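Colleague: Residue numbers (the working numbering), protein chains in the order written: chain E, 353 to 829; chain A, 54 to 551.
Wrong hints could be hidden among the right ones.
Unchecked claim - Rough simulated footprint, nothing fancy, chain A against chain E, three-plus residues with beta-carbon under 8 Å:
id, stretch
1, 398-409
2, 622-632
To be verified - Covered stretches of chain E (in silico footprint by chain A; criterion: 3 or more residues with CB under 8 Å from a CB of chain A, positions within the stretch not fixed):
id, stretch
3, 427-435
4, 439-451
If you're looking for bench data, these hints aren't it; they were derived computationally from the structure. Here the structure is a predicted model, which means the values were calculated and not measured. Every residue gets a Cβ at the ideal spot worked out from N, C-alpha and C, and that includes glycine.
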Amino acid sequence: MTWETVIGLETHVELATATKIFCGCTTEFGGDPNTHCCPVCTGMPGTLPVLNEAVLEFAVKAGLALNCAVTRCCRFDRKNYFYPDLPKAYQISQLYLPICHDGAVDIRTAAGAKTIRIHELHMEEDAGKLVHDPWIDQTRADYNRCGVPLIEIVTEPDFRSADEVVAYLEKLRSTLQYLGVSDCKMQEGSLRCDVNLSVRPAGAPALGTRTEMKNLNSFKAIARSIQYEARRQIERLEDGKRVVQETRRWDENKDATFAMRSKENAQDYRYFPEPDIPPLELSEAYLDRLKAQQPEMAEARMARYQADYGLPAYDTQMITAQKALADFFERAVALGAPAKQVSNWIMGEVMGQLSARGLEARDMVFSPAALARLIALVQEGKLNRNTAVKVFEAVFEHDEDVDAYVQKHGLEQVSDAGLVGCVAEEVFAANPKSIEDYKAGKEKAFGFLVGQVMRQLKGQADPAVVRRVLRMKLEQN
Amino acid sequence: MDYRTLTALELGALLREGSLSAAGAAKAGLDRLAQAQGRSNAFITVTKEDAMLRADQVQRLLDARRAPSPLAGVPMAFKDNICTRGVKTSCASKILGGFTPPYDATVAERLDAAGCISLGKLNMDEFAMGSTTETSFYGPVQNPWDPSRVPGGSSGGAAAAVAEGSVWYAIGSDTGGSIRQPAAYCGVTGMKPTYGTVSRYGLIAYASSLDQMGPIARSAADCAAVLDVIQGRDPRDGTSLDAPAGGLLSGLTGDVRDKRIGLPADCFGDGLDGEVRAAVLAAADVLKQRGAVVEEFSLPVMQYVVPTYYIIAAAEASSNLSRFDGVKYGWRAQGYEDLTGLYNKTRTEGFGAEVKRRILLGTFVLSTGYYDAYYKKALQVKALIKRAFDEAFRRYDLLLTPVAPTTAPKLGESLNDPLQMYLSDIYTVSVNLAGLPGISVPCGFASDGMPIGAQLIGPALGDAAVLDAAHAFQLETDHHKRTPPLPGQAAQKGGDAQ
Chain E
353 MTWETVIGLE THVELATATK IFCGCTTEFG GDPNTHCCPV CTGMPGTLPV LNEAVLEFAV
413 KAGLALNCAV TRCCRFDRKN YFYPDLPKAY QISQLYLPIC HDGAVDIRTA AGAKTIRIHE
473 LHMEEDAGKL VHDPWIDQTR ADYNRCGVPL IEIVTEPDFR SADEVVAYLE KLRSTLQYLG
533 VSDCKMQEGS LRCDVNLSVR PAGAPALGTR TEMKNLNSFK AIARSIQYEA RRQIERLEDG
593 KRVVQETRRW DENKDATFAM RSKENAQDYR YFPEPDIPPL ELSEAYLDRL KAQQPEMAEA
653 RMARYQADYG LPAYDTQMIT AQKALADFFE RAVALGAPAK QVSNWIMGEV MGQLSARGLE
713 ARDMVFSPAA LARLIALVQE GKLNRNTAVK VFEAVFEHDE DVDAYVQKHG LEQVSDAGLV
773 GCVAEEVFAA NPKSIEDYKA GKEKAFGFLV GQVMRQLKGQ ADPAVVRRVL RMKLEQN
Chain A
54 MDYRTLTALE LGALLREGSL SAAGAAKAGL DRLAQAQGRS NAFITVTKED AMLRADQVQR
114 LLDARRAPSP LAGVPMAFKD NICTRGVKTS CASKILGGFT PPYDATVAER LDAAGCISLG
174 KLNMDEFAMG STTETSFYGP VQNPWDPSRV PGGSSGGAAA AVAEGSVWYA IGSDTGGSIR
234 QPAAYCGVTG MKPTYGTVSR YGLIAYASSL DQMGPIARSA ADCAAVLDVI QGRDPRDGTS
294 LDAPAGGLLS GLTGDVRDKR IGLPADCFGD GLDGEVRAAV LAAADVLKQR GAVVEEFSLP
354 VMQYVVPTYY IIAAAEASSN LSRFDGVKYG WRAQGYEDLT GLYNKTRTEG FGAEVKRRIL
414 LGTFVLSTGY YDAYYKKALQ VKALIKRAFD EAFRRYDLLL TPVAPTTAPK LGESLNDPLQ
474 MYLSDIYTVS VNLAGLPGIS VPCGFASDGM PIGAQLIGPA LGDAAVLDAA HAFQLETDHH
534 KRTPPLPGQA AQKGGDAQ
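Put together the whole structure using the sequences plus the hints.
Modeller: Set out below in structure tokens:
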């Protein structure tokens with residue numbers, strides 16, 4: 353039997369507002385435990401939440417970018433449960449009237465183009481963090497994260513493969529980064545994803561029993577967990593067993609999912625409308641203003657780069673995948689660097705350095721000006737491409753001044769035909785056999801001689817000059 | 054001079070004239086408190102030293118003729134569910150343990166700026182759940198008019214402290230009548246303002262959509278002076294209204310000529326004590342004599358108000374009280390095995406019976422499968438009740454009703470029949486459900502010597518009209534000027550006439 357995997361996603365995205373959703377505390381990541389909190393976000397008796405309007409604005413912007421309908425009169429609800437990381441013993445979230453609903457995201461995979469429907473997008477507050485100290489056998493609560501604003505984006509069960517899921521998440525991350533509403537850093541937890549997965553015989557109309565997977569900390573983990581869980585469910589069904597509706601935890605080290613809690617033990621969250629926050633009425637003018645503020649997204653930039661700079665589609669896709677790279681590209685081009693060369697550098701050396709250093713493009717200090725200068729030096733013949741790459745690697749981390757570095761290390765390209773000529777004489781003297789071979793028509797020998805000259809000049813010679821001088825001398829010889 | 058017979062405004066005037074010092078006023082209150090507390094138990098915490106220090110500070114303002122309000126230097130106190138920085142705040146519950154807030158409620162901040170002198174924190178029903186102040190972990194409060202009777206609740210300590218003369222006004226909270234009913238039982242004036250006009254920041258929540266703080270004092274004019282200080286938009290409370298505030302005291306005219314006052318017939322039917330009915334109808338006559346037009350009308354939604362109130366209030370309470378879990382502050386049980394054990398044991402030991410009853414009720418009505426039948430339906434009925442009141446206020450400027458069906462019951466009579474206790478809230482809870490302003494004014498005494506209260510209700514944001522009608526009534530009557538006998542004095546029917 354062929355099986356079809358059906359997947360829906362619940363993605364939590366931390367919004368990049370300066371302050372928390374219901375108080376004025378900073379949302380900055382890190383900080384000593386319980387230093388980014390106040391009586392409101394720690395749920396002290398008598399305190400009240402007051403909605404940070406930037407959160408509403410960011411959520412609406414995200415919803416508009418995901419082609420959602422915006423709920424004109426929305427409100428918050430309380431989700432009640434006891435846990436020590438939740439100081440009020442309820443989370444302020446949205447169940448009955450989420451801020452945005454019924455959206456759509458277009459994705460593209462090797463299998464083709466597809467539209468993923470968004471069921472809803474709602475606002476909520478994050479909980480704190482519990483840290484168990486095995487040495488003293490005590491659990492400590494850090495409330496710094498309490499009240500950090502989140503949006504949860506829930507899709508319809510429209511995915512059929514891990515590829516589609518990853519394509520959607522990449523698109524989502526790019527969209528939210530372009531909007532500036534989130535930095536979407538998975539390793540800091542500002543983008544977290546729960547995967548709902550079921551399998552069914554291909555073509556069956558009804559959905560199978562689903563499981564929900566948590567603790568997915570990277571796109572890789574998401575893709576692997578989907579493959580694992582689909583296989584696990586299919587094996588059970590083929591063995592005549594049934595799939596239990598439950599929450600499962602992905603274990604990165606064991607490369608497997610493990611049951612956390614079943615539906616029977618599911619909590620009754622007793623949702624009800626949050627009485628401390630009045631319903632939000634959004635005016636047409638408010639929505640118009642936010643619509644007008646929507647920035648140029650990746651797709652629009654791709655089209656523009658192709659039209660204005662004649663870049664290949666592949667290049668524009670790579671460059672615009674992250675807003676920080678696209679911005680970097682635009683700034684370097686604005687400084688006069690040729691677009692295709694900038695694109696080549698970004699796709700090659702820049703992305704190589706980022707991945708080697710495990711850096712996000714947005715955290716890169718290397719400046720568009722430095723890249724533009726490197727490209728200019730190569731163009732002017734002052735650096736050869738290989739040396740330029742070495743300079744790039746050296747200055748990348750701290751964005752050191754390119755010219756100063758070149759000068760300090762004496763890397764400027766040798767274009768002096770006289771010097772090259774002298775070196776050539778030395779090489780000829782040491783390699784008479786090669787000269788004979790060259791004269792006998794062996795072109796390979798020419799390459800060897802060029803290489804020898806370059807080596808003598810420590811790779812800093814302009815290869816074009818070396819070739820020209822050698823040909824001339826050999827003809828004369 | 055017996056300062057306890059003065060209103061807060063009269064005492065404030067003496068302070069500004071310099072014929073009494075702030076320290077003298079504080080001492081008069083503290084002396085009276087010391088004399089009465091052993092019997093009445095109106096206070097949970099007395100902040101004597103803070104009060105005397107504060108009196109010195111306020112005296113400097115008075116000396117410089119820079120009194121920040123007509124209440125500067127007048128001793129007062131807060132119900133113990135209102136957070137006061139550095140002073141234990143207990144909600145009369147064991148579960149809050151020695152909780153001392155590191156912040157002030159907005160009302161406390163504003164009163165502080167107005168030169169108030171707080172003598173401490175007042176006894177109440179645990180978490181404001183009760184109508185008698187008998188559910189307090191710190192023991193019941195006795196009614197100053199008759200120690201065998203309850204002072205009402207849940208702001209029983211506040212009403213008793215004003216009646217006995219320990220303070221000249223108090224800040225209470227009212228979720229279903231908790232300011233107005235004890236004011237009526239203790240023969241003082243208590244006002245629940247329009248929902249959203251007084252910031253709830255710092256009030257430990259019972260039912261957030263119904264809770265509102267307000268004054269208990271001798272007179273409507275005193276209440277107006279307090280509301281002038283505490284009303285007004287607060288950015289720390291999202292439900293606080295952006296409505297004009299202040300000017301209530303200066304706006305009092307005592308003129309009710311041509312005011313249309315409606316008497317809902319549904320509030321004068323079965324279950325209402327005959328003496329109470331007669332006293333409230335007599336109050337209507339007084340207003341009529343001053344030129345108001347009084348008319349009976351029918352308000353059938355009254356039959357739904359008690360169940361609607363108890364569903365909504367209990368639901369919100371079950372969520373609001375979840376944070377008291379033994380993890381962060383207050384009482385934590387000993388000898389638990391795991392996290393669930395910590396929660397169960399702490400909450401079992403920390404909450405009293407009435408609070409547990411309401412948490413269970415509230416948890417039930419919010420549960421999957423019951424939400425639509427109870428909570429959602431109650432919200433729908435709440436909307437109907439609000440609409441019925443809106444319609445009534447198209448025909449009438451104000452409504453007049455009893456505050457409670459009877460005078461104060463005997464201590465110990467109510468708790469074993471909670472349903473009967475809930476039903477006695479019928480005249481007050483509708484005002485909270487509809488978010489309206491309501492005031493309780495003394496309107497006479499029953500044959501057993503206990504005070505009776507009448508309630509004036511206005512439309513939303515009609516606080517000025519409510520106060521003005523109550524003021525008009527008090528210009529014509531002296532029920533509010535009577536004070537209960539001092540301990541040791543023979544109880545007199547109707548108290549000491551001033």
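Colleague: State for each hint whether it applies.
Modeller: Each hint tested on the structure:
Requiring three or more residues with a Cβ within less than 8 Å of a Cβ of chain A, the coverage given for the stretch 398-409 of chain E holds, as 6 such residues are present. Judged by the Cβ-Cβ criterion of 8 Å, the stretch 622-632 of chain E is covered by chain A as claimed, because 8 of its residues qualify and three suffice. Closer than 8 Å: that is the beta-carbon criterion, and the stretch 427-435 of chain E has 3 residues meeting it against chain A, so the requirement of 3 holds. Three residues within the 8 Å Cβ limit are the bar, and the stretch 439-451 of chain E against chain A gives 4, so the coverage statement holds.
Hint compliance for this structure: every hint is met.
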